[in-house]
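Chemist: Spelled out, the chains give:
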Amino acid sequence: MAFISRGFKGRRSSAADSSRLPPGQYLATGFPVLSAGPTPHTPLEKWSFTITGEVDQDRTWTWAEFQALPAEDITADIHCVTKWSKLGTRWTGVPVSALLEGVESAADYVTAFSDGGYTTNLPLEDLVDGKAWVAFRYDGQPLDPEHGGPARLLVPHLYLWKSAKWVRGLRLTLDDRPGFWESNGYNMYGDPWREQRYWGD
Amino acid sequence: MKQSDLKLDGNAIAGVLGEIFAVEMTVAEGTCAGCGNVAPMGAVDVYVNAPGIVVRCSACTQVLMTIVRGRDRTWLDLSGVRRLELRS
Chain A
168 MAFISRGFKG RRSSAADSSR LPPGQYLATG FPVLSAGPTP HTPLEKWSFT
218 ITGEVDQDRT WTWAEFQALP AEDITADIHC VTKWSKLGTR WTGVPVSALL
268 EGVESAADYV TAFSDGGYTT NLPLEDLVDG KAWVAFRYDG QPLDPEHGGP
318 ARLLVPHLYL WKSAKWVRGL RLTLDDRPGF WESNGYNMYG DPWREQRYWG
368 D
Chain B
1489 MKQSDLKLDG NAIAGVLGEI FAVEMTVAEG TCAGCGNVAP MGAVDVYVNA
1539 PGIVVRCSAC TQVLMTIVRG RDRTWLDLSG VRRLELRS
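The listed protein sequences correspond, in order, to chains A and B. Residues 168 to 368 (the working numbering) make up the first sequence, in order. Residues 1489 to 1576 (the working numbering) make up the second sequence, in order.
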């Protein structure tokens, strides 16, 4: 199992190291729960993950098949657009690159879709090369439903609304289509280091 | 009558819009565009621990409206509300 350490650039100093805090963010104590709707409770036997859209053919994994994929441990700083950040969070997840292996597509963008109807859009290149995972464990435990379990997208280099909770698949698209928040004022890309919170940032 | 006399720009309804959106909204009845449920706005389900405010139909959980407050503006999406009945 590979160990990927992200966010530990330079010295491993105190968690309050301000160089790890993007502009306008503060350090959260605990792990705030944000939700745009009721928490889905999809039983694992009914859960699946699908790659669809602009692909040669859809790929789908059951929970058991998904669990059999090679997973990685990840340590990452996460940044929510509501201004809290949490440093050194520990996850286990399947790299998105592994899910896209062998997929033939001309797509440049992805819409992640979730139980409950949530969607978010990202450039495909932001999901590959060790930058994104479908995470199913947090801090050594199965991911709690309130934090997106059984599985959520984890894209720590973008604001956390891009890390869709309860993710059930990725729809590959040729153009960049705004998701739930991106349709209503939030930034299409969402880089916390450039403080891309809203349209026009 | 010239066409230009029939079609005005939105400034012409500034007064009407001001009146409409200044009323007490919690008693306004909203019709869900998804399931057709009619309920006073005071009885909808609201999620505020999120990047914006999400208002959902208490019958079918579909999103009725979202309200996102940016630095210098507010985005209001009403696409999940088919109709609002306002009491004057």
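Do not rely on the hints blindly, as some may be mistaken.
As the list claims (entries may be wrong) - Cβ-Cβ distance ranges computed for the label pairs, FRET-style:
(1) B:Val1504 to A:Gly269: 37 to 47 Å
(2) B:Ala1527 to A:Asp342: 34 to 44 Å
(3) B:Ser1576 to A:Arg257: 49 to 59 Å
(4) B:Arg1570 to A:Lys250: 48 to 58 Å
(5) A:Thr229 to B:Val1515: 43 to 53 Å
(6) B:Leu1574 to A:Trp366: 23 to 33 Å
(7) A:Gly307 to B:Thr1562: 35 to 45 Å
(8) A:Gly307 to B:Arg1575: 23 to 33 Å
What the hints assert, rightly or not - Quick partial rundown of chain B residues pointing at chain A, CB under 7 Å, derived from the structure:
(9) Cys1523
(10) Asn1537
(11) Ala1538
(12) Cys1548
(13) Thr1549
(14) Thr1554
(15) Val1556
(16) Gly1558
(17) Gly1568
(18) Leu1572
(19) Glu1573
Unchecked claim - If you only want the chain B side, here are some residues facing chain A, beta carbon under 8 Å, derived:
(20) Pro1539
(21) Gly1540
(22) Val1542
(23) Asp1565
Note that these hints are calculated values from the structure, not bench results. Nothing here was measured: the structure is a model prediction, and the numbers come from that model. Every residue, glycine too, gets a C-beta built ideally from N, C-alpha and C.
Chemist: None of the hints should be skipped; say for each whether it holds.
Modeler: Hints, verified against the model:
no., hint, result
1, B:Val1504 to A:Gly269: 37 to 47 Å, "58 Å, violated"
2, B:Ala1527 to A:Asp342: 34 to 44 Å, "37 Å, holds"
3, B:Ser1576 to A:Arg257: 49 to 59 Å, "57 Å, holds"
4, B:Arg1570 to A:Lys250: 48 to 58 Å, "35 Å, violated"
5, A:Thr229 to B:Val1515: 43 to 53 Å, "49 Å, holds"
6, B:Leu1574 to A:Trp366: 23 to 33 Å, "29 Å, holds"
7, A:Gly307 to B:Thr1562: 35 to 45 Å, "41 Å, holds"
8, A:Gly307 to B:Arg1575: 23 to 33 Å, "55 Å, violated"
9, Cys1523, "14 Å, violated"
10, Asn1537, "5 Å, holds"
11, Ala1538, "5 Å, holds"
12, Cys1548, "11 Å, violated"
13, Thr1549, "6 Å, holds"
14, Thr1554, "5 Å, holds"
15, Val1556, "4 Å, holds"
16, Gly1558, "4 Å, holds"
17, Gly1568, "11 Å, violated"
18, Leu1572, "18 Å, violated"
19, Glu1573, "24 Å, violated"
20, Pro1539, "5 Å, holds"
21, Gly1540, "6 Å, holds"
22, Val1542, "4 Å, holds"
23, Asp1565, "5 Å, holds"
When the structure is compared with the earlier hints, violations turn up for hints 1, 4, 8, 9, 12, 17, 18, 19 and for no others.
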